[in-house]
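Full structure from sequences and hints, please.
For the sequence shown, my numbering begins at 1 and goes up steadily by one.
No wet-lab data here; the hints were simulated from the structure. Since we're looking at a predicted model, the values are computed, not measured. Each residue gets a CB set at the ideal place from its N, CA and C atoms; glycine is no exception. Keep in mind that a hint or two might mislead.
The calculated label-pair distances, taken between Cβ atoms and stated as ranges, are [stated by the list, open to error]: (1) Gly10 - Gly102: 34 to 44 Å; (2) Lys32 - Arg5: 15 to 25 Å; (3) Asp27 - Gly148: 37 to 47 Å; (4) Glu115 - Pro71: 12 to 22 Å; (5) Ala30 - Thr139: 36 to 46 Å.
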Amino acid sequence: MEASRLLVHGEDVLAVDRRQATLTVVDTTAGKLGDALRVGRGITNAEIDPYGRVVAVDTGHNQIIGFTASPFMERFLYPVPGAPYAVDYDDAAKLAWVTTTGTNQVVGYALSSGEPVEKQRKATVAEPDAVAVDPRDGTVFVLSAAGGGVQAIPTR
1 MEASRLLVHG EDVLAVDRRQ ATLTVVDTTA GKLGDALRVG RGITNAEIDP YGRVVAVDTG
61 HNQIIGFTAS PFMERFLYPV PGAPYAVDYD DAAKLAWVTT TGTNQVVGYA LSSGEPVEKQ
121 RKATVAEPDA VAVDPRDGTV FVLSAAGGGV QAIPTR
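See the structure below:
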């Protein structure tokens, strides 16, 4: 297993494995791996929100896939055209921000209904491969993998 990223929510720890396209429960008490689920054609990135909901990006199938950490299970598949790539969560606005490298955009989705609902869409720098939200004011920072620098997008 390759841990590309670790997601932590309370006692729950999940490992993202890009090579095997899986999310895996990590039993930190026993020091071993637990259940694992495949994430579409290939997980690129993932984020966990304060409620234990995981948003995993499956760039190969142009979708985001929702999971819950406890119990560990898949909850939704949602199409995101334009090659979704990176994701971060804004706790205050309750939005998952997903970049799309094919359209150079970042899209904010509300997850409270159990199915993503698009709330905002913003143009970004070319090849937006990383995203981070400032929890103080909701500014979404997008990093270009094509030399376009960092863009700060006010969202609240």
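So, going through the hints one by one against the coordinates:
1. The hinted range of 34 to 44 Å is satisfied by Gly10 and Gly102, whose Cβ atoms lie roughly 35 Å apart.
2. One distance hint, 15 to 25 Å for the beta-carbon pair Lys32 and Arg5, holds here, with the actual separation near 19 Å.
3. Against the hinted window of 37 to 47 Å, the Cβ-Cβ separation of Asp27 and Gly148 comes to about 41 Å, which satisfies the hint.
4. Against the hinted window of 12 to 22 Å, the Cβ-Cβ separation of Glu115 and Pro71 comes to about 19 Å, which satisfies the hint.
5. About 40 Å separates the C-beta atoms of Ala30 and Thr139, a value consistent with the hinted range of 36 to 46 Å.
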